[in-house]
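Undergrad: One-letter residues, chain by chain:
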Amino acid sequence: MMLDTVARATSTPELNQPWRELGLKEDEYQRIREILGRRPTSSELAMYSVMWSEHCSYKSSKVHLRQFGEKAPKSDALLVGIGENAGVVDVGQGYAVTFKVESHNHPSFIEPYQGAATGVGGIVRDILTMGARPIAILDPLRFGPADAADTKRVLPGVIAGIGGYGNCIGVPTVGGEVIFDDSYSGNPLVNALCVGVMKHEDIKLAKASGAGNLVVLFGAKTGGDGIGGVSVLASETFDDKKATKRPAVQVGDPFTEKVLIECSLEIFKEDLVVGIQDLGGAGLSCATSELASAGTGGMHVELDRVPLRDANLSPEEILMSESQERMCAVVPPEKVERFMELCKKWDVVATVIGQVTSGKHLEITWHGELIVDVPPRTVAHDGPVYNRPFTRPSWQGELVANGAENLPRPRSESALADAILTLISSPNISDKSWITSQYDKYVQGNTIAAGPCDAAVIRIDESTFLGVAVATDCNGRFCKLDPYEGTQLALAESFRNVAVTGAKPLAITNCLNFGSPEDAGVMWQFAESVRALADGALEMGLPVTGGNVSFYNQTGAVAILPTPVIGVLGVIDDVRKAIPYKFSGVKELILLGETFEEFSGGEWAHLQGHLGGLPPRVDLKREMILAQFMHAQRDFISAAHDLSDGGLAVALIEMLLHSQMGAKISIHGDPFTQLFSESTGRILLAVNPEDSNYLVGKATDAGITTTRLGESGGENLEISGVLSMSMLHIREANQGTIPALFTA
Amino acid sequence: MRVGVVTFPGTLDDHDAARAVRFAGGEALSLWHGDSDLQGVAGVILPGGFSYGDYLRCGAIARFSPIMSAIIPAAEKGLPVLGICNGFQVLCESHLLPGALTRNSELHFLCRDQEIEIVNNESAWTSDFSNGERIIIPLKNGEGSFQCDDRTLNELESNNRVIARYVGLNPNGSRNSIAGITNARGNVVGVMPHPEHAVDPLTGPTADGLAFFTSLMKTRI
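These protein sequence lines map, in sequence, to chains A and B. Positions 1 to 744 (this note's numbering) are the ones given, in order, by the first sequence. Positions 1 to 221 (this note's numbering) are the ones given, in order, by the second sequence.
If you are wondering where the hints come from, they were derived from the structure by calculation, not from laboratory data. Using N, Cα and C, we set each Cβ at its ideal position, and we do this for glycine too. Do not rely on the hints blindly, as some may be mistaken.
Unchecked claim - Selected chain A positions facing chain B (in silico; Cβ < 8 angstroms): (1) Y29; (2) Y58; (3) K258; (4) Q438; (5) Y439; (6) R576; (7) Q608.
Claimed, not checked - Some residues of chain A that are not near chain B, with every Cβ distance over 10 angstroms (derived): (8) E262; (9) D347; (10) P427; (11) E462; (12) Q633; (13) Y694.
Next comes chain A alone, as it looks inside the complex (with noise of 0.2 angstroms):
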């Protein structure tokens, strides 16, 4: 095939391109034209299909986006808000940690285990890009019915993916959460959330600048793998005499992240580079269009000079390869030998792939021949921008109007004990550790906390036990019902789990899965989301520091639950002080927060197979009010756990579960409501009993409703008038659920 160069493009304006096969639309080719003034080469055209992609470009989104940065609060902790890899908040003694949240969930779902794996390896290195050594990883999952066939081909190759590629990077998985629901047949969502931390001087940045400066790729070599991940099986329609269509899905090689991240690290450290970006969706086409783009705009590749491993590879597979475990630096000439010093100390493959120069356009050349020649900014950041039409669904009002409230509600004390039974050994509620003892929590030798604890806890700094907290939650039923303050809830939710630690939540991330915006009523649950993430996080005054966008997680009209995960990052001044989970000895058990009968959205409701109603008022101020309850109070505090899927109920069984201990509760009022609402802003408390009156009375005066539950002992669980049972009985069926279901 005759090589496209911007010479042939120019003499042959009328050559028929495979825009449409690239996943562009008409009007967006047409604009390529406009920019260009002539025809794209097919370099150019493969470089604008996969950056202006949905999933590149956020051409659905911004729109709605937008409101973080309109809607922002004042924060003096954020250091590097969105745009960049990842955000970056101020942690105080000098620290930086950044995080952010990505979905991989389509690839997963063709190959579970590679799928999930680069997800990991990918965040990963958006991470490490930012300066940081990645300290932690938390992988949100959703997951079609448990018991379907299909869920036992994903599940297990997810799960396996996630500690394949993160056991081996020397980074602890240390949370996240497991869903089960219907509407994620065919679509599981793999979320992953990476840690980072780094001191303040050391945060690097996304952009070549400094004409002269020198590109360096380095990393692993660029393969077939992945071409046009982000937009469509691409392959074929450059040539078509080639036989084998390419695997979308990229493979990763843990091993070579690991030698990637020290290092990078080393190299961070002698301050070699002036700006970095790793290679992930949309490989080479990404990584030169945002650097140049963000630098001054001039920058000249020979592209030829790729370290490749397929020697068959054209111009266009390797401007869009995904390769994974690549990244590309920007390295003052001076500095070069010491950064190539450095990669040789690793064996780490690094190539000068080309120069900073002082024009405006990303200049691409192969074996000498122009191939590429654009104004970055058009390539990387002036994609299309879709205003989608958005409506509340018809269904809707049916939908709210049919509430769980008015189910029949067990009443007797067999049918209480039976529903509770039923409720803490149903795939949604049951104990994880299958799951969790696949991920190696304890590397790094820093993490205090862990799932199944509400936030992972991890020290930053062994001399001052600096530390940091952190969790991602997320209802979609909530989020179906309403999608706005189905957020709210998330958010609330995410921030109380860091709140139990004692911990001051200090900024927000976000994943945001949902089905396809060319419906108007998605696009509707979207625009909702979004402006309930923005609302709150004011009103919270949280920073939304960065975050994701997953649209198309739909089979055929049938989109899965708004998905909304919510991260929460708070800092903890001294990680001795971090309120635990499980406590030990006779504690009395005291609930903060008000119940009221709300199930509509609740995990009760789901296994009762109802979805309606309105979920549960939300009311952030109040979840403020508590996290400085937590604050102030943590060294009065045995023991907490928040209250959320299951209500009381699931909440108490967890706590003693992993206390090792049975108690006497007495409820007053409904058992019932008591037992199973889940009304938001509610956590329980372990608390000496000598401490107790004096905890109480804190709480009163800052507004907060207790209810003095009972005390921990014994190794029965006795609830009066509901349920007497011992908690070997009650330990067995909240622990055999997954294993029965999962194990080979």
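Position chain B against the provided structure of chain A, taking the given hints into account.
TA: Okay, now just chain B, sitting in the frame of chain A:
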């Protein structure tokens, strides 16, 4: 006392091993896989991880590194060497210890707090325990099942060369529930669970693992 902690490409628990040495009162010195100078250290730790990506077989490539070419003869002359997890695998591949570590019987990675019993407190790395002492330290690996032929197993058992066994359910199918072994001289020890992750109850399940490192501090070399 200066203790060397080796870093291969792909080593993960080197910082943790160094921290454990410091907690035990020693000084940790980093040893790079590409060097062959042991810098006069009084003992060496081969930490956990995935040396060279564990391609081919766990520990198989690390065995041929320059640092191992220095460690192997020194160990044969009595230098105390502790291999943890991947380090245990490297010791087996280097023939400093017999047997091999194979895929866990459940066929997936397993991370959990594991009870083990110290059954030989005469090695360089277990002298600070008492025989029969039960401790809880993290186990985290995918290929931790200790296997050897019957003759080797007999030799290990009859010469008191098993230093620790798993208590309760065998987590990975290891023969005779073996969690760790030593060489005939008692200076080289391989252990599958991770004592370096149990030196501080703040970050580990217990501080039970610390005695592996304090043992060395009390060893007369």
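Undergrad: Go through the numbered hints given earlier and state which of them the structure violates, listing their numbers in rising order.
TA: Hints 1, 2, 7, 8, 9 and 11 contradicted; others consistent.
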